[in-house]
Amino acid sequence: MLRKKEMVAMLLAGGQGSRLYVLTQQTAKPAIPFGGKYRIIDFPLSNCTNSGIDTVGVLTQYQPLELNTYIGNGQPWDLDRMHGGVHILPPYATAQGGDWYKGTANAIYQNINFIEQYEPEYVLVLSGDHIYKMNYNQMLEFHKKKGAAATIASLGVSLEEASRFGIMNADADGVIYEFEEKPAHPKSTNASMGIYIFTWEKLKKYLTEDEADPASDNDFGKNILPAMLAAGEKMVVYPFEGYWKDVGTIESFWEANMDLLNPKIPLGLSDPNWKIYARHGALQPQSIGSDTRIVESMISEGCRVEGDLWYSVLFSGVTLGKGSKVNSSVVMHNVKIGKNCSIRYAIIADDAVIEDGAVIGKSPEDCVSPDEWGIAVIGQGAVVKAGQVVGPKEMIAPRGGDNK
Amino acid sequence: MLRKKEMVAMLLAGGQGSRLYVLTQQTAKPAIPFGGKYRIIDFPLSNCTNSGIDTVGVLTQYQPLELNTYIGNGQPWDLDRMHGGVHILPPYATAQGGDWYKGTANAIYQNINFIEQYEPEYVLVLSGDHIYKMNYNQMLEFHKKKGAAATIASLGVSLEEASRFGIMNADADGVIYEFEEKPAHPKSTNASMGIYIFTWEKLKKYLTEDEADPASDNDFGKNILPAMLAAGEKMVVYPFEGYWKDVGTIESFWEANMDLLNPKIPLGLSDPNWKIYARHGALQPQSIGSDTRIVESMISEGCRVEGDLWYSVLFSGVTLGKGSKVNSSVVMHNVKIGKNCSIRYAIIADDAVIEDGAVIGKSPEDCVSPDEWGIAVIGQGAVVKAGQVVGPKEMIAPRGGDNK
Amino acid sequence: MKAFGIIFSDSYSTDDRHELIRHRSASALPVACRYRAIDFTLSGLVNADVREIYLLTKRYYGTLLDHLGNGKDWDLDRKSGGIKLLTPYSHLDAAAPDMMSGKLDALRTIIPFIKEAKGDYVILGQGNLIANLDFNAVLKQHVESGADLTIPYAYMEDPGERSLVVSFDKEGVLTDVKLGGSGKQDTALNCYVMHKDFLLAFLAQANLYDWHDLNRNLIVRYMGRIRICGYRHEGYAAICNTVPQYFRANMDMLDAKARDELFPEDRPVLTRVQDTVPTFYRFDAQVTDSLLADGCDVDGTVKGSLIFRNVTIEEGAVVENCVLMQNTHIGQGAVLKNVICDKNVTVGAGVTLAGSEKYPYVLTKGTEV
Amino acid sequence: MKAFGIIFSDSYSTDDRHELIRHRSASALPVACRYRAIDFTLSGLVNADVREIYLLTKRYYGTLLDHLGNGKDWDLDRKSGGIKLLTPYSHLDAAAPDMMSGKLDALRTIIPFIKEAKGDYVILGQGNLIANLDFNAVLKQHVESGADLTIPYAYMEDPGERSLVVSFDKEGVLTDVKLGGSGKQDTALNCYVMHKDFLLAFLAQANLYDWHDLNRNLIVRYMGRIRICGYRHEGYAAICNTVPQYFRANMDMLDAKARDELFPEDRPVLTRVQDTVPTFYRFDAQVTDSLLADGCDVDGTVKGSLIFRNVTIEEGAVVENCVLMQNTHIGQGAVLKNVICDKNVTVGAGVTLAGSEKYPYVLTKGTEV
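Chains as they are written, first to last, in this note's numbering: chain A, 1 to 404; chain B, 1 to 404; chain C, 1 to 369; chain D, 1 to 369.
Any given hint could turn out to be false.
[Said to hold, decoys possible] Derived pair list, reagent style DSS-like, types lysine-lysine, alpha-carbon separation capped at 27 angstroms:
| id | chain 1 | residue 1 | chain 2 | residue 2 |
| --- | --- | --- | --- | --- |
| 1 | A | 264 | A | 102 |
| 2 | C | 79 | D | 303 |
| 3 | C | 303 | B | 325 |
| 4 | C | 118 | D | 365 |
| 5 | B | 339 | B | 385 |
| 6 | D | 343 | C | 118 |
| 7 | C | 365 | D | 115 |
| 8 | C | 118 | A | 144 |
| 9 | C | 257 | C | 303 |
| 10 | A | 325 | D | 257 |
| 11 | C | 170 | B | 325 |
| 12 | D | 257 | B | 144 |
| 13 | A | 146 | C | 140 |
| 14 | D | 115 | A | 322 |
| 15 | C | 170 | C | 140 |
| 16 | D | 365 | B | 146 |
| 17 | A | 102 | A | 325 |
| 18 | D | 2 | B | 144 |
| 19 | A | 5 | C | 79 |
| 20 | C | 365 | A | 4 |
Quick caveat, the hints were computed from the structure, so don't treat them as lab data.
Model the full assembly from the supplied sequences, consistent with the hints where possible.
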């Protein structure tokens, strides 16, 4: 009695995300809090819902508990469906034994049966570490119109940035004739956003062939796409305009949060027609005390603010004590900041406790050399003692975790 | 904002269930269809819901796709909760690497973090291969009243049966002083049903100690329970009265299905106050043709019956052609049986096709010797050709599977 | 080409002698062993991916609400959209017309919701239509034909005096309408497809001239002035405005062809899940040419009947050409012919009841005889 | 000791001059930046594990239905139980009394549902009570005290003329009641806890004698004849029968103690999730002593005010001692003092508005000034 789905989304929730250091020590990357009340995965999931895609597989094998609990039955994203909905897909054992996911392509390969249940014509492959809003349905229309085997979303970058990306060289019609991974001398500026639509029948063929090749890394970028290109499949570029950010490093993660405070950044978080959904707690309204100054900042439910806030993002349930000053920082859920603390250019993860008078981070202008400066990071649940000083670039491990 | 749960259930969905042969070749044991419209796992899940337990972890690593799709968001069992609900818990990787579940105790051990999210006082451990109705909440009241560290549900068996079970020897107050695994000379008849309530704090201690012991099999029956007894923890027997059946073999699985047709068996499937829930398709009512004889049988939605049925269970969507005779058999979902077939003492798994005139199985009285007789089993999606004869005890592999 | 749906819970033109809907919405009529009438229109909309549905209720809609529950069984428990109830007094302004008097009045009370609806096209449906309409096809034809209004119709036997019989020219444009008729007739299915803006303009007009009757004003008055096209539904269709129509529609289900038309595999009919057990056939059961729901326990003889959920038929009882709704209990040796038992009816041992084949004997809800 | 709940969507004793509830149920009053009044009673029941709740509505309950949606946000979208709507005309028999006239009449129309309810005890609640009652504790005391009827009460400032002021003897048994009073008074919270059988017997009595008023007949008439005990609620409590009461209850929320009593961590108050973004504070924002919901955009001065979701306050605007409901827009340089803006109000640039602290200036829904 199952009905077919035109397109199924497979979200690569990825590995450890080690360039986020202490932030991912106990949390899968897509589950990291972002933007005051979201987690990274809320962006691709909400994009799916808003694009009318109601069947999403989330491929994960690393620290899935938080992600699992967070996604739950999918209700916050309207993905609690009778047929379809969101499913977490970890590796599993068969009568022939079991394998961990060897690469992005292998992760999809191992879940061919999941996909085939819905008899889709197309499969959308997404990753879990990008912040953007995108209508995948429009991309699908483009894919169909072009009659492509694969369509890859592409962002126009500057020529100098291009050497940090996977670059797609395409003809005037958008048909790709070459891939270059982080080219020293880029020939074009079409950077791959890691968002693919495949005609399922084609993808299945190449996944199967790739799996049979013991030398393959079983990776989309390294193996599947080049193999398709080499075989002469029609692969096209889908130009995307708008805000897109990879949040795979501490710096880019911090920047992406700061971007939200900039009214000129075209993410449009508040657009009622393209809401970003998230799972919420049941919290009081935010309360602002008697003697505070809050400038160019974002504050969420359940915060109690008695101190000053400049250019910062407070996630829900944060307490900020009297006399404390927070500047250009990201303060995640339920962080408790005591009195007279100074916090600058820092990321403070969920449930951390910053005791009275602690000093965390520094402004770049207060640093002696550019090398001295960097974002200070306090791990989940860590305690910074009263009066303790945490320098710029320093990282404090989460409670129960290892220092670096 | 999470609220505590008094008791969390952990359901050991188990390994391959190899004594069910072709039935489990492509399906995890708890996902096997049972009783006309259920699957085995519906029984413990419905027991949980009916007992007011709304948080269930399902531990599985073998062929989870069907189970995953079946359980989905938990809605059929009313387990689609905002907080709690049913969660499939496969093995996962951490920063230190990942492990498959080594044993029943290790499976729980690996999910300590899942349990601790709910800060439960008690943990209920269930297995996924028993058919019974039980109020776990009454068992919890008993556990609390007794002040036990562990309470084990027990079935009174006959002295001769006792040597096939794990036997618990207890004093007059029900306090256990000895476990015996399949004793040749049983001292008592309290058989363990594999249903445990533990005070979580105690269980956590013994799980952690057990994990540290490299010599352990990490098994509840072999390691955890004896260790607790040896350490002098109070462990009590909870006497259960009612129908209970382990369906771990082809014979016991067939018998349990036949038991449903016997009005004297006290399972009470139809009791409106203790419904067994299941995920349903959207099917027409059952239609019965012009010239049929249906005796002592159970038929589900979507069946089209034109043939005769004696002492059999038809799952939903079965077609039975004119002139065919089915006797003492279990015919699972969407099986198509052609005309003039003879089916006796057989189990036919989902989606199998039995073409016209096929002969499957035999009645015991038609067999020359008792050794000749046994249940014939047709695997999922298998095709039995027109006129083909499948003898008693024979097994036909599922479509795409291996013969034995 | 997104559409939204508006379903009328009642037909506003049912027979007063229709005992089965005296205390329930016409949409809540139990049909075909395990459904309520509304399941067909609701599933039709869901199968066409219409997930924004307004349900306009009148009186005695409690049973209907119980049936719909939170909408989960139709996957209509959505964060935005899903099914929205518009019940009497829920949104009424003192100055608004009465939802009770006619479909057009009911529509006029919900103009603000129509304005805010997200779809461009609107499907007006009626909850007591028994047909599996392919609303995607209707919509597609509506858009491609350039019609202002599209009316689905079917070639039906004896549509009855309260139905609209329709005629079209070669291009499929409506040329004539009349009320009722015997024999096979092209009959309107009380559904309408149009652009949202067209509906709003029509309702503004209706408000200005104080029109009340939907059919009379939208179809009869506008015929020839706007482009009204028909969509021919090829499958089974029935309207249950009277008890005999209701009885016939149920009996039609015994025909496998009608059933396959009503329950095609690719457009399943969804209903409330009740978690009933399979049906048990005991030693003395003799069941032929019948449809049964789950949850029954049969030890008697059943011929050419429809047996709903949780019906018990004891040993020696004979049930012929009957419709027995949920929880009917037929005692030992009772004999029933041409009888409709509404829910929770108990027929004692040995009782004999016989109705006319044309106008069956109806035992109302909860009766014990 | 299982209980079920019955919530009255309206108080049946509100002030006619209460503009804020002219077109919405009293239960749907927006309070404390992000809640509707009913959230408190509903969450109280859910936190006491009561999952069988009947909601009795009267008029204009559309907003309330929108707020409740499918009940998911309170985890009340259950297969059996959950929240059940009893709306006018949904189940009424022609002979039944009118749900509109009084609480007792409304209860008399739902006797069949009370009979079928699964709980042994019933909690009658009122949707416009602003208090986080620990219903588990109330139930426990009710059972242990051997009372026939337990009335939760709180020591409240100026309860107002429509409230019931109660006195008890040393054993906690009700000895006196009077209407209203000024200063601090022990005030009944319009909740009642009793055994289901007691309620049914009382309703049968009410039917026989044609009683209409719940308080007068259940409490005044029975005082001294049955054992009526009080349950003292120690936390914050307010009843919003008048606009000044409503204004005061909101302003009370600026007090952290009152807020902590109303939102204890172990009994969270659940409300409809609206997926709003965090609140933005722009360069010229000056916010002090205020509560704000998510989704606001503040570039002006806000003092001692409650700002609901999606409110915009432009540069140079000053908002003091105000309650601004969802989607209020305050233009550049506007100055507001002691003002309540209902939803979707727009105040133009430079406009100055000032109400009395005791009886604030109310701008009704959608007003543009």
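_So, against the hints stated earlier in the document, which numbers end up violated here?_
1, 2, 11, 12, 14, 16, 17 and 20
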